[in-house]
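All chains should be built: construct the whole structure from the sequences, respecting the hints.
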Amino acid sequence: MKTTYHDSCHCGAVRYAAALDLSEGVRRCNCSYCAKTRYAKAFTGDDELTILAGKEMLADYRGPDSVWPEDHIHHRFCTRCGVQVFSRGYLENFGGWFYAVNTATLDDASDEELAAAPIIYENGREDRQEEAPAVTSYL
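Going by the working numbering, the sequence shown opens with residue 1, and the numbers climb by one from there.
Possibly wrong hints are sitting among the right ones.
No more than 30 Å apart at the CA atoms, straight line, and that leaves these computed lysine-lysine pairs for DSS-like [said to hold, decoys possible]:
| no. | residue 1 | residue 2 |
| --- | --- | --- |
| 1 | K55 | K2 |
| 2 | K55 | K36 |
| 3 | K36 | K2 |
What the hints contain is simulated information worked out from the structure, not anything from laboratory work.
In this text, all values refer to a predicted model and were calculated from it rather than measured experimentally.
This is how it looks when you write it as structure tokens:
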């Protein structure tokens, strides 16, 4: 069941709400972006995230060597504190457009809720998000 979480960057300039079901899992990927940022994300639909404050503080990053089609993945972060709050992307096998919410930004999720969420590993380095990579302990 989805719960609406209120979320923010470190400095609080960017605030948003997202409907998430943490029991569906938190994803950790080995692509160069996710591995370097230790990005743990929970997915939600394109219409289930609302920016409450700080839209003008959001910057957009798209990796230059991305294997994704142009404009299909955008990492959004606060220009003041640098925290990545979410990404927006498109994958057919994920149901089209989606948001990937940085679970570290969930202000009202308890430690117990986050700890109980199953971890789903993605082999993004080889563009096989439905499979776990051979080694996951560093993710």
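For each hint, the structure was consulted:
| no. | hint | verdict |
| --- | --- | --- |
| 1 | K55 x K2 | holds (24 Å) |
| 2 | K55 x K36 | holds (25 Å) |
| 3 | K36 x K2 | holds (29 Å) |
Every hint, counting from the list given before, is met by this structure.
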